[in-house]
Amino acid sequence: MDKKRIAKKLVYAFITIFFVLLFNFFLFRVLPGDIVSMLSRGGKATPEMLANIRKMYGLDLPWYQQFFVYLKNLSAGDLGVSFMYKKPVLDVIGARILPTVVLLGVAEIFAILIGIVFGIVSAWKRGKALDTGLLSTSLLLYSMPTFWLGMMLILIFCVYLKVLPISGMVTPGRLFVDQWAQLQDILRHMILPMICLTLGMIGEYAITMRSTVIDVLSEDYITTAKAKGFSDGYVLRRHAMPNAMLPMITLIAINLGMIVGGAIQVETVFSWPGLGSLMYNALVNRDYPLLQGVFLLSTVAVVFANFLSDILYEMVDPRVRSMGG
Amino acid sequence: MNLLEVRNLKTYFSTTKGMLKAVDDVSFHLESGQALGLVGESGCGKTTSALSIARLLPKEGRIVGGEIFLDGHDVLLDSENELRKRRWRDVSIIFQGAMNALNPVLTVGEQIAEAIVLHERLSKEEALKKSQELLDLVEIPKERYKRYPHEFSGGMKQRAMIAMALACDPKLIIGDEPTTALDVMIQAQILNLLERLRRERSMGMILITHDLSILGETCDHIAVMYAGKIVETGTVTDIFEHARHPYTDRLIRCFPNIHGKKAIPEGIEGYPPNLLDPPAGCRFHPRCEYAFDRCRVEEPLTRHVGGEHTVACHLVEETR
Amino acid sequence: MREFLDQVKANKMALTGTIVLAFFVLTAIIGPFFFPFDVMEFGNVEDILQPPGPGHILGTDDMGRDVLGYLIAGSRVSLLVGALATLLCMVIGTVIGIVAGYSGKAVDNILMRITDFFLVIPWLPLMMVLAAILGTSIWNIILVIGVTSWAGTARVVRAQTLSVRERQFVERTVSIGAGSGHIMLYHILPNVFPLVFASTILVAAAAITSETTLSFLGMGDPAHASWGMMLHYAFETGATSTGAWWYFLPPGICVVAVVLAFTLMGYAFDEILNPKLKER
Numbered sequence: 000m001d002k003k004r005i006a007k008k009l010v011y012a013f014i015t016i017f018f019v020l021l022f023n024f025f026l027f028r029v030l031p032g033d034i035v036s037m038l039s040r041g042g043k044a045t046p047e048m049l050a051n052i053r054k055m056y057g058l059d060l061p062w063y064q065q066f067f068v069y070l071k072n073l074s075a076g077d078l079g080v081s082f083m084y085k086k087p088v089l090d091v092i093g094a095r096i097l098p099t100v101v102l103l104g105v106a107e108i109f110a111i112l113i114g115i116v117f118g119i120v121s122a123w124k125r126g127k128a129l130d131t132g133l134l135s136t137s138l139l140l141y142s143m144p145t146f147w148l149g150m151m152l153i154l155i156f157c158v159y160l161k162v163l164p165i166s167g168m169v170t171p172g173r174l175f176v177d178q179w180a181q182l183q184d185i186l187r188h189m190i191l192p193m194i195c196l197t198l199g200m201i202g203e204y205a206i207t208m209r210s211t212v213i214d215v216l217s218e219d220y221i222t223t224a225k226a227k228g229f230s231d232g233y234v235l236r237r238h239a240m241p242n243a244m245l246p247m248i249t250l251i252a253i254n255l256g257m258i259v260g261g262a263i264q265v266e267t268v269f270s271w272p273g274l275g276s277l278m279y280n281a282l283v284n285r286d287y288p289l290l291q292g293v294f295l296l297s298t299v300a301v302v303f304a305n306f307l308s309d310i311l312y313e314m315v316d317p318r319v320r321s322m323g324g
Numbered sequence: 000m001n002l003l004e005v006r007n008l009k010t011y012f013s014t015t016k017g018m019l020k021a022v023d024d025v026s027f028h029l030e031s032g033q034a035l036g037l038v039g040e041s042g043c044g045k046t047t048s049a050l051s052i053a054r055l056l057p058k059e060g061r062i063v064g065g066e067i068f069l070d071g072h073d074v075l076l077d078s079e080n081e082l083r084k085r086r087w088r089d090v091s092i093i094f095q096g097a098m099n100a101l102n103p104v105l106t107v108g109e110q111i112a113e114a115i116v117l118h119e120r121l122s123k124e125e126a127l128k129k130s131q132e133l134l135d136l137v138e139i140p141k142e143r144y145k146r147y148p149h150e151f152s153g154g155m156k157q158r159a160m161i162a163m164a165l166a167c168d169p170k171l172i173i174g175d176e177p178t179t180a181l182d183v184m185i186q187a188q189i190l191n192l193l194e195r196l197r198r199e200r201s202m203g204m205i206l207i208t209h210d211l212s213i214l215g216e217t218c219d220h221i222a223v224m225y226a227g228k229i230v231e232t233g234t235v236t237d238i239f240e241h242a243r244h245p246y247t248d249r250l251i252r253c254f255p256n257i258h259g260k261k262a263i264p265e266g267i268e269g270y271p272p273n274l275l276d277p278p279a280g281c282r283f284h285p286r287c288e289y290a291f292d293r294c295r296v297e298e299p300l301t302r303h304v305g306g307e308h309t310v311a312c313h314l315v316e317e318t319r
Numbered sequence: 000m001r002e003f004l005d006q007v008k009a010n011k012m013a014l015t016g017t018i019v020l021a022f023f024v025l026t027a028i029i030g031p032f033f034f035p036f037d038v039m040e041f042g043n044v045e046d047i048l049q050p051p052g053p054g055h056i057l058g059t060d061d062m063g064r065d066v067l068g069y070l071i072a073g074s075r076v077s078l079l080v081g082a083l084a085t086l087l088c089m090v091i092g093t094v095i096g097i098v099a100g101y102s103g104k105a106v107d108n109i110l111m112r113i114t115d116f117f118l119v120i121p122w123l124p125l126m127m128v129l130a131a132i133l134g135t136s137i138w139n140i141i142l143v144i145g146v147t148s149w150a151g152t153a154r155v156v157r158a159q160t161l162s163v164r165e166r167q168f169v170e171r172t173v174s175i176g177a178g179s180g181h182i183m184l185y186h187i188l189p190n191v192f193p194l195v196f197a198s199t200i201l202v203a204a205a206a207i208t209s210e211t212t213l214s215f216l217g218m219g220d221p222a223h224a225s226w227g228m229m230l231h232y233a234f235e236t237g238a239t240s241t242g243a244w245w246y247f248l249p250p251g252i253c254v255v256a257v258v259l260a261f262t263l264m265g266y267a268f269d270e271i272l273n274p275k276l277k278e279r
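Chains as they are written, first to last, in numbering that gives the first Met the number 0: chain Y, 0 to 324; chain B, 0 to 319; chain F, 0 to 279.
Since the hints were derived computationally from the structure, they do not count as laboratory data. Note that CB positions come from ideal geometry on N, CA and C, so glycine has one too. It is possible that some hints are incorrect.
Reference listing, derived: stretches of chain Y covered by chain B, where coverage requires no fewer than 3 residues with Cβ under 8 Å from a Cβ of chain B [as the list claims (entries may be wrong)]:
#1 235-244
#2 290-303
Using 27 Å as the maximum straight-line C-alpha spacing, the simulated DSS-like pairs for lysine-lysine come out as follows [unchecked claim]:
#3 Y:Lys124 <-> B:Lys129
#4 F:Lys11 <-> Y:Lys8
#5 B:Lys170 <-> Y:Lys225
#6 F:Lys104 <-> Y:Lys3
#7 B:Lys84 <-> B:Lys129
#8 Y:Lys7 <-> F:Lys104
#9 Y:Lys225 <-> B:Lys123
#10 Y:Lys127 <-> B:Lys58
#11 B:Lys58 <-> Y:Lys225
#12 Y:Lys124 <-> B:Lys123
#13 Y:Lys71 <-> B:Lys9
#14 F:Lys11 <-> B:Lys16
#15 F:Lys11 <-> Y:Lys124
#16 Y:Lys225 <-> B:Lys145
#17 B:Lys58 <-> B:Lys9
#18 Y:Lys124 <-> B:Lys145
#19 Y:Lys2 <-> B:Lys145
If you anchor each label on the Cβ, the simulated ranges turn out as follows [said to hold, decoys possible]:
#20 B:Glu268 <-> F:Ala21: 40 to 48 Å
#21 B:Glu194 <-> F:Ser162: 38 to 46 Å
#22 Y:Gly126 <-> B:Thr301: 46 to 54 Å
#23 B:Glu124 <-> Y:Arg318: 52 to 60 Å
#24 F:Ile132 <-> Y:Ile248: 33 to 41 Å
#25 Y:Arg237 <-> F:Trp138: 40 to 48 Å
#26 Y:Lys2 <-> F:Gly237: 54 to 62 Å
#27 B:His149 <-> Y:Leu182: 48 to 56 Å
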């Protein structure tokens, strides 16, 4: 029964991805000017060349056949060729995945941990000065556009204090003694964008966690636990937290969709060579194959992340676990 | 010596609108092995009294006066640490609507066992075994200890709560509206169960309810509360057959009598008073059909009217 | 309703939010008369990126123009775009939510699948792609934001519709023979409205953030100066690295203030509508 449900959700995830592909396909077909007219604008292509290109990209076929060609290419790993880089899109993306994953991964973990702690402390000390302080900070961070936060951080740390580098992942033109020194350079460049991304995400986690914990603390089973003679710490840990974390799992999943947006902003402001800034550059330069590729990747990633969190939630909440059991 | 003696208890709540006098100079007692029914409308202070005895008030609430003696020892003098050591062994509570009183993410067995592990110093396995026995005691199949609360029906959940409340063999068990959310048949079952267990273990019990009719079979004594004050106490017979306070009288008449005439029970006009600013004099006077001048200015003191029967009403004084 | 308004007045957060918002709307309306600004005009070359001083309280931008004037002009655009995008978003979301919740079965299923789809797709990439396709005129921006942000509202409205639908009076109305459209408009909508209102506030906050972010990333309308556009130009012309804080700090602060105002209001409504969060 468990496996059946997981399989059902997996199928559903794949169906969603199929629609994403369809959506992606149509989106970019609707573009003003297809690839042929783009190339022909330079004036260097002859009519035969144009016809050849059309055939190569299958643009002379009806749209549903074009879609199948698209899917076929996709399964072979062919996402087209980037206008800017003149390399296969897959390669271009591949080179940029790691910086983004590292940045996002670390930032998300920190944001979740700090957000949860803020939320719990806020809820426990509700109405007191600490709660007001933490809540105000969270609300403030939540309201700030992430890229603006980045600009402020640059102003403080790079321009005034001059302690951290402004942009990029490595200092250009420098030679390093060994790998360790190079790693240190990268880390120095990573601090600011990571702080920016983390701060941008703390707000929502903290505010939601606070609400959830307040809800949970008002339940009778908390009073019962206290009535049994357990310390506040035990009651919080063993009775309140497991219940409060359940909605958080859903939030974390939803936020994965947001984190892509946050990454785009941060990577652009700090020129961090990841997928976010890649998307930005592709957009600015109207590099449609690349844009399409990155968009597809980010969407598929979110769908899978949601699927995983769905499974996780099922495993963790006993009420859901036994339904259908 | 009484198991429980509450003297001049005053519990107030600080709210954004002022000081709410939820329990204002309340006194009652309970002997070992006896059952006391605490009855009154919603908001009259019965739950607050119970929470005060167990010292489980929310942070807005504070006991501002009085004494609570449990086996001769004033629990209001205990520090938080001393209290904790004796919790669940001295006093345990069954909350109304066990729907939310059981933690949904822990098994029922774990929840019963944790108190045993804490207080009786048994290992987890031994505690879980004992929890199975407790479930058996309340007529729930033993194997259910591995199950989660949502797998239990309403009546079963309440019985599980009773099992949990008995885990450390308490001296006093407080049931706060333990049957309110259940249908009538299950209500009867639960009440009978409580009765039986109480007698077997010679526990003291306080049963809190707004439903006077369930107290007849299960309690020895009844205390009637109104607007944070006790208006009448006595044996079950005293209250049901010789009620002296107008409020008690009206309360009894709210419940239809099978033997009496067929009539729609009369309600009581008006609403319970605002405890931020209660009426002067007797708190019931705005709704009392017998109210006279003295009632509006002077608070009636509690008077004995024979045996264990006490009443706080100016009428009683007059006719004595 | 009266009690609701009383609670709003008493709630400091909601009050603060409303006051701040009123301030910005007022400045947007009358400000430009005192501080005229034209984004298509150039200023003096000598005045480029001057720090605050006489004549220019907030300094000058990369074209030598007055930042304060720019800021006020920008408030008009930012607030207007935010308002219109929110309106579009709420209309779509509410209609879909009510229709889905009321119709049930197949219609509900299809609409909800579409809604879930939009919930899953990451918002910024989607907006960026749509903006790239449609072009960056101000109406397109409004359209893009409105068309991508309705999913959350639709979900919430649908849930509320489901519970309203079950209520007795709807059954009675149906039995009288009232048509679906009539019921949805005159019975469901009024009951769903408080929730829609609360949702609108939060959507407005998101809409303003979206417009600001899109403009910053270069997808704004150059002919209409918004706070986001200011930030875009500030970044592009290196105001950050040269420390020309007067150019990018003010618009950012304004955005934060407005979004915070909306968030506070939205949060306050949440407290009012959700009894468990209320302080005693």
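Hints versus structure:
1. With 4 residues bearing a CB less than 8 Å from a CB of chain B, the segment 235-244 of chain Y meets the requirement of three and the coverage assertion stands.
2. Given a C-beta distance limit of less than 8 Å, the hint that chain B covers the segment 290-303 of chain Y is violated, as 0 residues qualify and 3 are needed.
3. Of the pairs offered as hints, the one joining Lys124 (chain Y) and Lys129 (chain B) is violated, with about 37 Å between alpha carbons and a cut-off of 27 Å exceeded.
4. Of the pairs offered as hints, the one joining Lys11 (chain F) and Lys8 (chain Y) is violated, with about 45 Å between alpha carbons and a cut-off of 27 Å exceeded.
5. A hinted pair counts as satisfied when its Cα atoms are at most 27 Å apart, and Lys170 (chain B) with Lys225 (chain Y) qualifies at roughly 18 Å.
6. The straight-line distance between the Cα atoms of Lys104 (chain F) and Lys3 (chain Y) is roughly 24 Å, inside the 27 Å bound, and the hint therefore holds.
7. Our distance criterion of 27 Å between C-alpha atoms is met by Lys84 (chain B) and Lys129 (chain B), whose separation comes to about 20 Å.
8. Simply put, Lys7 (chain Y) and Lys104 (chain F) have alpha-carbon atoms about 20 Å apart, close enough for the 27 Å limit, and the pair holds.
9. For a cut-off of 27 Å, the pair hint linking Lys225 (chain Y) to Lys123 (chain B) stands: about 19 Å separates their Cα positions.
10. The suggested pairing of Lys127 (chain Y) with Lys58 (chain B) holds, with an alpha-carbon distance near 12 Å, which does not exceed 27 Å.
11. For the hint pairing Lys58 (chain B) with Lys225 (chain Y), the CA-to-CA distance comes to about 13 Å; that is within 27 Å, so the pair holds.
12. Distance restraint check for Lys124 (chain Y) and Lys123 (chain B): the Cα-Cα separation of roughly 32 Å exceeds the 27 Å cut-off, and the hinted pair is therefore not satisfied.
13. Between Lys71 (chain Y) and Lys9 (chain B) the CA atoms are separated by roughly 79 Å; this puts the pair beyond 27 Å, and the hint is violated.
14. As the CA atoms of Lys11 (chain F) and Lys16 (chain B) are separated by approximately 15 Å, the hinted pair is consistent with the 27 Å bound.
15. For a cut-off of 27 Å, the pair hint linking Lys11 (chain F) to Lys124 (chain Y) stands: about 19 Å separates their Cα positions.
16. Taking the CA atoms of Lys225 (chain Y) and Lys145 (chain B), the gap is about 23 Å. The hint holds against a cut of 27 Å.
17. Of the pairs offered as hints, the one joining Lys58 (chain B) and Lys9 (chain B) holds, with about 16 Å between alpha carbons and a cut-off of 27 Å not exceeded.
18. The hinted pair formed by Lys124 (chain Y) and Lys145 (chain B) fails the criterion: a straight-line CA distance of about 35 Å is larger than 27 Å.
19. Distance hint between Lys2 (chain Y) and Lys145 (chain B) is fulfilled; the C-alpha atoms sit about 23 Å from each other, no more than 27 Å.
20. At roughly 47 Å, the beta carbons of Glu268 (chain B) and Ala21 (chain F) sit within the given window of 40 to 48 Å.
21. At about 41 Å, the CB distance of Glu194 (chain B) to Ser162 (chain F) agrees with the hint of 38 to 46 Å.
22. For Gly126 (chain Y) and Thr301 (chain B), the hinted distance range of 46 to 54 Å is not satisfied, since their beta carbons lie about 38 Å from each other.
23. In this structure the supplied range 52 to 60 Å is violated for Glu124 (chain B) paired with Arg318 (chain Y), their Cβ-Cβ distance being about 26 Å.
24. In this structure the supplied range 33 to 41 Å holds for Ile132 (chain F) paired with Ile248 (chain Y), their Cβ-Cβ distance being about 35 Å.
25. For Arg237 (chain Y) and Trp138 (chain F), the hinted distance range of 40 to 48 Å is not satisfied, since their beta carbons lie about 56 Å from each other.
26. A hinted range of 54 to 62 Å holds for the C-beta pair Lys2 (chain Y) and Gly237 (chain F), which are about 57 Å apart.
27. About 51 Å separates the C-beta atoms of His149 (chain B) and Leu182 (chain Y), a value consistent with the hinted range of 48 to 56 Å.
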